[in-house]
Every structure is written in C-alpha cells, then in structure tokens.
Amino acid sequence: MSTYVTHSVEEMHVLAKAWLPEMIASKSVLLSGDLGSGKTTFVQGVGRALGVKRLIKSPTFALVHEYRVAHADVDVLVHADLYRLRDVDAATLADLGLDEALANPRALVCIEWPERMTFSVSGMTLKFSVDGRNRALIKS
Amino acid sequence: MRILGIETSCDETAVAIVSYEGGRFTVEDHLVASQVKTHAKYGGVIPEVAARMHVPVLPDLLSKVTGWKGGAIDAVAVTAGPGLATSLRVGIETAKALAVTWSVPLVPVDHMEGHVVSAMIGQHLSGDCWPALCLIVSGGHTEWVRVHAVCEYAIIGETRDDAVGEAYDKVAALLGLPYPGGPSVDKTAKRGSSSRFTLPRPMIDHDTLDVSFSGLKTAVRYLVDDTPEENRDETFVADVCAAFVDAVMDVLMAKTRRAIEQEAPTTVLLGGGVAASLVLRRRLTELVAGHQVTLWLPDMAYTTDNAAMIAAAGALRFEHGDVASDPFALDAVPSHVLGASWI
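Residue numbers (UniProt numbering), protein chains in the order written: chain Y, 1 to 140; chain A, 1 to 343.
Simulated from the structure, these hints should not be mistaken for laboratory data. It cannot be assumed that every hint is accurate.
List of simulated lysine to aspartate or glutamate pairs, EDC-like, C-alpha gap at most 20 angstroms [stated by the list, open to error]:
(1) Y:Lys139 to Y:Glu66
(2) A:Lys37 to Y:Asp87
(3) Y:Lys53 to A:Asp233
(4) A:Lys64 to A:Glu48
(5) Y:Lys17 to Y:Asp87
(6) A:Lys190 to A:Asp250
(7) Y:Lys53 to A:Asp250
(8) Y:Lys127 to A:Asp225
(9) Y:Lys139 to Y:Glu115
(10) A:Lys187 to A:Asp128
(11) A:Lys187 to A:Glu158
(12) Y:Lys17 to Y:Glu115
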C-alpha cells in the first residue's frame, strides 16, 4: 500500500499512465472517494493513456460508459459509476453488463463507488481523498 | 395520425395518446406514475426494483388510456434508449405485443429526442420553423442540438464531464440538501446572495460550444471544506447555492448565445428535466429577447420524463418513415445516441 499526492490534473494523468500496465494486469480498478476527489479525472487519464479520442464524461447518470480502444492488450475501456445505486448485487452487475466486462480478458474495467456493491470484486483499489487543493491516492 | 407512446427508461412509467395533424400535436391522454419516492427511500435507484415496478403499473396505465382497443391507433411508439436496460425492456416488450396484436407499426424513439420534441407540443410545425437550436439539460445530458428539419439532428456542443442535472445533485449532496438537487438548490438559492462567493465559469470563453461542470462542483467542495463547520449555517448554504446557480446559468447562456450567433436558427427550444427550472426559463427568455428567434419552452408537465413527448417524437418518426422493419428484432439500446439507427 502506498500513498501518492497529486497537485494537478496533469499529475494525476501521469500516474494513470505510469500505472497502466499494472491496471491491465489486474483487469479491474476500483475507485473509492468522496465527490470531487478525482475519480473521474483519473479515469480520463486512463482513457488518454489508452489512446481514447472520445470525451470521457461522467458515467454517474448512465451508470456505464464503454470506449473502444486500439491497444496491444485492451479492446475496451469500461467506465462504471455506482453512485446512484444501492445494494448492487451480482444480478444488477449482470444487468449493467459488468459481469461480461469483468470476464473479458481484453477489457479494462474501472468502477467508481465500489462500496455500493453487496459483495467484493478483485482488482487494483484506489482510494481518493481531498487534501487542501491536492489529491491523495492510496493504491493497494 | 394517432399514436400511443410508452416510456419506461428509468424510474417513471408513462403512457400517452397523441394525435398529429397539420403540424399540430394534440395530447389526448397522458399519464405518469413515478417511482421517485420509492427510490428516495433507498437513497438511490435500484435497477432491479425499477424494472419490477414498471411491470404491474404499465398495463394499468395502458388499460386506462386505450381500454385495450387498438382500432383508432395508427402506431405504437416506445423509448428504446438511452436508459436502464431492464426498465427499457418492460416498455419495449409491451409495445411489441400491442403493435403486433393491433397490426400497426412499432416506432422506436430515443429518449433525448423525446425531450427535444417536448417543446414542439403546443406549437405549429412547418418548414418555416427550421433550422432550430435545442438546448437539452437533464440529469445525464447537457447538449446543444441543431435541428436541421424534423428528425434531422446533430449535436454541436456538449458537456465534457458532468451534466447540469448531475452537478445540481452533487452540489446538493455536498451541501446536505435533499435529492433531487435541482429543485432543492434552486429553492435555497432564492434565499441567498450570489455576490458573497465567486465560483468559476468553466470554459465560458472557450472557442467551442462545449462546457464543463466538474470543476464547478469541485469549487463548491473547496468552499465547503474551507469553511469551518460552525460557519456553514443556512445563510452560507443559500449563498453558495445562489453563486452556483449564477455560474451554471452564465455558462449556459454564454454558450447558447454563441450557438445562436453561429447557427442563426429560426427557433430556439429547451428540453430535459432541468427545463423545469424557472431561473433557466427566465434567463433563456431574456437572452432570446435580443435576437430574431422564436423561443419554444416545454410545458412544465413535459419537462420530467413523460410519454407525450415519446408519442410526439414517434409521430414525427412515423411520418418520416422511421418504423421498426422487424418489431421482434428491436431490443433496448441503453447507451443510444440521438440520431443513431436502432438495429
């Protein structure tokens, strides 16, 4: 477990790029943290590192956004946000298409608000917090 | 023509019968059953519960507006996306059954297209209305749409991160105000002063029609974090709300003005859940007063999710020839984009 402090969006995107191989190896990334703590900004950095040209918008309302990717190890970036949901069980995860995404070896799945789930899924976990104007990330 | 509309994309079950003759819509019947209270109890939407709740309610509403007689109905329109897959399917499967039973065409409708058309209800559509510009503002969308003509849409500007409705909901959560954030923030803002705090107006001078509201949400967060808890009284909350609403409206108006100057539309339309905001309606009315355009604001009843707008959009699609070639092949498209094909 290590803590990283970022001072800008660019620094957060540098981290996202640096951790990309590790994220791809873990297949999924679970992003926890309060509103405005940088979760979506981080995923925008992941998209940029993967070469996604489209805007990576907040998936809060739509719940899941998918982006086609041309990368040696990844075909699709799946960006989910469970903020609006409660008691997300395996059936709901399946409704959202996330079970398929998690089973797809060529998908990188980023899930915001994983604490809304009634069970845990494996993956890289990132905990975001606001420290003044900076963002602290705890990676484990 | 006379068309039945069905809407079950999220947490509202709605049906409507709309007729369309000579460029005018007549909403004959329109019923909405909301699940908002149920979901508010859980503090969020449970997709499985949303879908299950549509199941008993939809036949009940349909029975009331049709009496199960399809004799005078020329087509069935249904929201096929975007929305929650399981909820969409309740409406789609029902619409398929009715269309097949009554031997009438099935018309898939994009939910956001419904919001664009919502402001056309009550107006007289003719070739002179176009091109039009539509500002859609809702929980999941913030877009400027060029309407070349009926059924011809192009998104010319959009949010790069959070939608306006989402920003309202999250700011409400940061300030401890109730969900949904739109009404509670607007109401609280009325008691506050917008001059005490200055919040950023992201991308207001940017040379595009794109906007960004994530930074504005973060700025509100900083204001809250920087203020000791004992000072976060009602006045503080009201003043932050007032500053936030001002910032959002300034950005929306600056971009709408830019869009009007760039597109030279004949008509400006407003749609989406945030179209219920009286501040937004007033600001837009003031803005267009300085331009040679006609403003169409949706009736308040058609700002929240409803089936009258789906039936109306379906009527335009029907006349345009856009009916499902094989009704059985139609499935929900949870992330459908306005104007894209269905199958």
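Each hint, compared with the structure:
no.	hint	verdict
1	Y:Lys139 to Y:Glu66	24 angstroms, violated
2	A:Lys37 to Y:Asp87	17 angstroms, holds
3	Y:Lys53 to A:Asp233	44 angstroms, violated
4	A:Lys64 to A:Glu48	26 angstroms, violated
5	Y:Lys17 to Y:Asp87	32 angstroms, violated
6	A:Lys190 to A:Asp250	16 angstroms, holds
7	Y:Lys53 to A:Asp250	29 angstroms, violated
8	Y:Lys127 to A:Asp225	19 angstroms, holds
9	Y:Lys139 to Y:Glu115	16 angstroms, holds
10	A:Lys187 to A:Asp128	38 angstroms, violated
11	A:Lys187 to A:Glu158	26 angstroms, violated
12	Y:Lys17 to Y:Glu115	25 angstroms, violated
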